[in-house]
Structure formats: structure tokens, C-alpha cells
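Construct all of the structure, not just a fragment, from the sequences and the given hints.
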Amino acid sequence: MSTLEDISALLQKGKANDVKANVEKAIAEGLSARTILEEGLMAGMNIIGGKFKRNEVYVPEVLIAARAMNAGLVPLKPLLVSSGVKATGIVVLGTVKGDLHDIGKNLVKMMMEGKGLEVHDIGVDATSDKFVAAAKEFNADVVACSALLTTTMNEMKSVVEALRNAGIRDKVTIMVGGAPVTDTFCKSIGADLYSPDAASAAEAAVAACQKSA
Amino acid sequence: MSEILTLVHEGTRTEIPAEAGTSLLDALIAAGENLVSATCAGKGRCGKCRLRASGALSEPSERERSLLSAAELAGGWRLACMTHIEGPARIDRPATTVATILAEGPAIDFTPDPPARWLRLRLSPPTLEEQVSDEERMVAALALLTPDASASPGSAARVSMAALAGLAGAARHDSVEALVRMIPGRGTEVLAVAAVSTADQASRRSLGIGVDIGTTTVVSYLIDLSNGAILGTKSGLNDQRVFGADVIARIQATIERETGLEEQRLRIVSQLTIMAHALLAEAQARSEELVSMAIAGNTTMLHLFAGVPPAAISTAPFPPVFTGLHVGLAPEFGLDLPETSSVFLLPGLSGYVGADIVSGIAALGMAEDPRCSLLLDIGTNGELALGDSGGILSCTTAAGPAFEGAGISMGMGGVVGAIDFVWIEGSRIACSTIGDAKAQGLCGSGVLDALACFIELGLIDGSGRILDAEEAAALGTELASLRQEGETEPRLLVCEGVWLSQGDVRQLQLATAAIGAGIEILIKRSGKSVGEVERVFLAGGFGSFMDVRSAVRVGLIPRGLEDRVVVAGNSSGAGAVAACLSRARLEACDQARARSSYIELSSSPEFNDLFVEHLFFPEQA
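Residue numbers (my numbering), protein chains in the order written: chain A, 97 to 309; chain B, 187 to 807.
In case anyone wonders, no lab produced these hints; they're calculated from the structure.
Model, not experiment: these values are computed from the prediction.
Please note: incorrect hints may appear among the correct ones.
As the list claims (entries may be wrong) - Keeping only pairs whose Cα atoms sit at most 25 Å apart, straight-line, the calculated BS3-like set for lysine-lysine is:
1. B:K229 to A:K149
2. A:K182 to A:K307
3. B:K624 to A:K283
4. A:K253 to A:K267
5. A:K116 to A:K147
6. A:K253 to B:K229
7. A:K267 to A:K232
8. A:K147 to A:K109
9. A:K109 to A:K182
Have a look at this one:
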């Protein structure tokens, strides 16, 4: 197997240290940062994402694979920055006010980064003002909101309204997700896209960015 | 239009009216029936509210078609939450199976000194020379009997109006019996006065009831306050369960349903009233002998009991309306008990570390002991507390209901037919079932054992993956035969017809990681090491029934602590019993609260990293 195939396979098994070592090996072999990212790390994450979507793998494996991907990104990041690899699109992502659930949002972040999107994570318990400020600051293509509680999902509506009041509603695609969220709910609050899982969210975000580009 | 819904059970029929268009679940709730549990709060997700129904009903919905097999649908099985009444219909009430609910608490070892009790007071006789009122003579007699409570000036006992009325007749004798309440820091009150029991009457006892309101189960203990003897115990599933299995669902019901708070309050109040009357009847007690009821429970349960809206507890920063000790009388809480029975709502710490944990800390004496102890109460929320007399740190961690058998494909409660223990015999798996019945599924302890055994046998690797057929075959034919392809995912057979699926393992991984990471963060934040933890108290039903070695094998409890485990049973209930029995223990609840602090884990990046690390099962010892 080539080093890139090794990286992909090890990432899928969640072997963080081995992924990092092989990324370093690939750099030493003279492969470009972009190639290592796309054909090594992202390739592995995409396979995990696809399996996750088909219920072949579950949250723990994705988290474990994501940890391995982060380990692999450590030696790669400085090279990516210096070689000026451009992101597919820019996403502002957060869990809405009143809700501290982090893991689902982190899964989405990982899947999005695995698709080459630049993700700005504004954390949990994020107010609608925080979403607006980040969307402006990073000139976001997509604003993605997560809520895991029936009692906090209505906060997503406030985010939609805040973006409208700030005059940037039509510049961004608003995505919503989380266990209690449905497509009907998404439409009822005037958001643009609902995704049932992290992998679909990443695909939908890429599609939205390509449309707006 | 109103229709008739008929419930049929072993030859008896009950008819309840129901509006056309309502779901079977809502109709049952309205009629006060507890036929089914709605684990997902009637959202059509969990499939636990299944029952057999026939008559004029809506067509099976898409959700029902996915959660019920074609054979089940053909046999009349429906989901109560998804099935709507269109005309006359009937439900076949299933035979009730009794769940194994833990009602044992740790033995309590202290001198009874109850905060509320009947006292016999000897009154000085009234004379013409010294004209003082009956009230003053009684208060003076009380001060002589309880010097510590009446020591400071201005601390003379307050006498209620009801007590004065009783005093009028009783004080013509030289002694009276007074129901006295002495709460540290709140002075002394006389709540009732009665004539001394006559010779042919048994003397008036002082009885208390300690209550633990759990989200899932409710337990009441009747206590003889003179000697601490437990005279009886009643337990049952919480009658609020039709509104959902977890606290978020119950809170949601108070928000979504106009009368959701009142309906839930009435259910728990009447459940406690019924339990109390049954306990008193069995102990052949006179109702006025019941002097106190101390109630522990999680913060949401106490809000629902008191009729205080708990809505804010469900969103960050989760502020509860109250966490302090509240003292009142039975009628103030709507309890149909003697008007002079005191109610103590025990203090909690935060929205998610409630009076159940604080009273457990108090009952176990953790905040007064120089030895470091860890208290684990593993339920849908894992509540953890660690510390010693220098201070207690606590946290709560979302373990999910996997260890209660929910969300596991073959999971079930601790009822007859549930596999409760699984062990390795040579290179095979052996198991036992509750009631020695044919195995139908796995209860919490069985799920934990099965997971530990499969990890130990190597059929599940450290990352939680079930080995593929080739890898399993390499382990030997006997082990390979435990593995089978399911419809979509691999399964491991515990016995014929009962298995653990790959999805189940993943659920359990999330649950163990949440608890394991929570324990690690408490130990780290308190500046201690695992070796310094001298005692591990396991509270709650799952903690009491589980095999500690299995818990260590899957990473739920840190290795090295298995020999320090003390099964604490229902420590919350024990704390409530102690609060009825002893002023010092009631005060200890307040002290435990004052010495404890709460760590919010969900906003901690450190916790998220530890959580991912704990997803891996520990290597073999």
C-alpha cells in the first residue's frame, strides 16, 4: 500500500499516532500538502462519513477517526497555509443558546473539514448575535446551527431572524440539524437546509457553497 | 365526538371515554392509566408504548411500520402514541410483570433525634395564685424537655392555632402529648396537642416516611422514629412515566401541554399519598402518628412535586427555581395526609445534581469523613460526587438509558425473563435469567456483563468493533459460533435468541465513556489520584445489581478500585429516612450542600477530549 492508502486506512481505524507518523512520512516522500490532505486524510474521512450515513459505523468510531484526523493535520497545517490551499467554502458552526451539546456539532465540523470546508466553530450556547458576528467576520457562505433539545431548537428561529435583521440573510445558506430537528421544522422557521446526519450535512454544505460560488 | 375505549384484562373490562382523533396514549393519560411507558414522550421513536388494540383505529403509520414487524402488525400490535381513535376501540391490557426495584438502603447508625415527633409534656398544675395560660405552661414544660432547642433568648416555641384548639381540652389533665417540630436554625414549633392516650389505648407513636422520587421509580419507607426501625417499604414505577422516560421529556410536557405541570404534580402527589396510606395501614398506625415525610429526588422531580415550573432546568445555564431545604405541612403540598404532618423537601445543589445526590452524600457521611470517597449513581444521567471532609466535587454526565436496558436491541427492564448475569465458562458464554425463565432479553446488569465477556474473549476489540467472521474464526470455532450476521449489522449471541448488536456496543461505549471521563475529571480537578480514592459507593438500582469486575473491564470504573466498592443501595432514600430520624442528619444535608461544588462538564473542552479517550475499552489487565 502507498503511504496515502496507509493514512486513509489508519485514520479509519482511529490510530491517531500512526496517522500522524504516516503524514510526516508522506511529507518526507515529497508529496504535496494538498495531495496528502485530499487523497489521504479526506479520503479516509469520506469513507467513514459514507459508512456513518449508511449506519454501518456509529458515533464512537467517527469521534475516534476524527481524533486521528486532527493528529494528522498537526504536521500538515503549516504546509497547507504556506501553499495557499483554498477552502471549498466557509462555514460558521455552533450549538444554539441554552444548549451545551458539543459532540454532534463536532461531528459535523469533522465531516465538513473532511470535505475541505473552512469551519469556524463558535462553540456551544452561542447566541444569535454571536452567529451574526461570526458570519460577518469570516464572510461565511453557510451558517450551521445545532440543537439537541426540544427545549432549545426554537432558538434556531432567533438565529434566522438575527441574520435577516443584520441584512445578510440572503448572503448565507442557513443549515439546521440535531436529534429533535426535522425538515418540516427547518421550513417552518425559514431556514434553508436540514440534514439528518453529519455526513449529509457536510455534503449539503459543499453543494451550497458551490452554488453560491 | 366522544368514543368509548374499552380496556380488557383477564376477564375484567374498563371503559374510558375518549375524543375521536386523540391518540391511544393521550386517552390513557387522560384516564389516569399507566398501561405503557412512553420512553420517547410519545414522539414515535422508541417503540416502547406498544400494545394490542383493535376496533376503529387509524391505519398503521409509517413509524409503526418501521418499529413493528409485519407479524406484530397483523397480530394487532400498535404504538399507543401513533394510533388514533376513530370510533369504539379496545385495548388488551397486558399481564403486569413486577419490576425489580431497589428498595434497600444502607444501614443507618445513629441515635434517633427526629426533627418532628410527639412528646409527652408534664404541665405544672394551674393555681389561683399564679394565673398563667395553658400555652405558657406547655411552652415552659417543653423548654425543660428540650434545653438545647430552647437555650437562646427569644427562642420560645411557637404554638400553632390548631395546637391551641387541641390544648383547650387536653390541658385539664396534668400531661399532654404535643407534636413538636425542631429544625436547626428555624426554632421550635408546636403543631398539634392531644390528650395523653388512655390506659386501654396503645401510646401514640411517632412515625416518619422517607421518600425517594426517582425519574423511573418511587420508593417510600415507613420509619418508627423512636428506634429507627423500618416498618415497611413501598415502591413502584413513577406514575409520571407516561409523559416520557427522562427529565427533559417531563419538562417538555410541562411546556407543551397546558396542564402538563399540574397533571404531573397530581400524579406524584397521589402516588405518594397512596403509598403512605398503604404503609400506615400495614403498620396498623393511626393517621396522626405520621409526623413527617422527608423527600429526596432529582431537582426536576422536586419541582414537579411542588408544582413549581421546571422549564428553565432544560436549557443552559439550567437554573432551577429552588434547591434549598423547604419545610411545610402536608396540605400545602396537596398531600391527603394529616394536616399536622411535616414535609421536608431536601436540599439539592444544582439543576442536575439534586437532593437525591446531596442526601446520599449526607447519608454516607462523605462530607464529614477524612477518607476520600466516590459516589456513583448511574442512571440516564450519571451523577457523580467525589471528595472528603475538605470538600466535595460533583458533576453529572449524560450516560443515556443504555444501562437501563433502553436503546439496546434486546434490552428490557429487570423483569422475569431478563438475563441478569453473564459469565465465561471455558470458551463459552453462560447466563442466568430472573425467575429462571426462558431468556427474552437483557436487563442493565446483563448488558454490562455481556459486553465485558465479549471484550474479554476478544470478540469486541478495543475500539468497540465486533470482529468480522474471518477474525472471529481465528479465535476458535466455539467463539466464532457466537458471532452472526444480523439483518444489517453483526451480532454476538448471549444465548439462543438474545444478542448484542454492533449498534448496542456503540451505545454502551458512549455510556461508559461519559461515566469514565466524568470520574477522571473529578479525580483530576480535586488534585487526587485514583489510588487515593478509598471508597467507591455505588448507588441506585443498576449500581447495586451490576458486577463490579464487569464495570472495571469495560472502563466504567477505574481499574484498581474494584476492591473498594461499597454497594450503597438507594442512598437517596436512606438520606430521606435519616432526615426524618435525626435533626443532625437533616442538618447534614444542608452541610453537604454547603461543602459541595458543581462542575459543568458539557462546556469543558477537557471533558470532550477525555470522553473520546474513554471510548476505547481498556486493555486486558
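Exercise for the section: Compare the distance between the alpha carbons of K253 (chain A) and K229 (chain B) with 25 Å, and conclude whether the hinted pair is satisfied. Expected result: holds (22 Å)
Problem - 25 Å Cα cutoff - pair K229 (chain B), K149 (chain A) - result: The given pair, whose Cα atoms are some 22 Å apart, holds under the 25 Å limit.
Practice task
Measure nothing beyond the straight line between the CA atoms of K624 (chain B) and K283 (chain A); if it is 25 Å or shorter, mark the hint as holding.
Solution key: violated (49 Å)
Problem - Pair hint outcome, K267 (chain A) versus K232 (chain A) [Cα-Cα no greater than 25 Å] - result: holds (10 Å)
Exercise for the section: Sort out whether K109 (chain A) lies within 25 Å of K147 (chain A), counting only the CA atoms. Expected result: holds (13 Å)
Handout entry: Holds or violated: K109 (chain A) to K182 (chain A), with C-alpha atoms at most 25 Å apart
Key = violated (28 Å)
Practice task
Quickly compare the C-alpha distance for K182 (chain A) and K307 (chain A) to 25 Å and report which way the hint goes.
Solution key: Between K182 (chain A) and K307 (chain A) the Cα gap is close to 17 Å, so the pair holds against 25 Å.
Practice task
Compare the distance between the alpha carbons of K116 (chain A) and K147 (chain A) with 25 Å, and conclude whether the hinted pair is satisfied.
Solution key: holds (23 Å)
Problem - Given pair status - K267 (chain A), K253 (chain A), alpha carbons within 25 Å - result: holds (17 Å)
When each numbered hint is compared with the structure, violations occur for hints 3 and 9.
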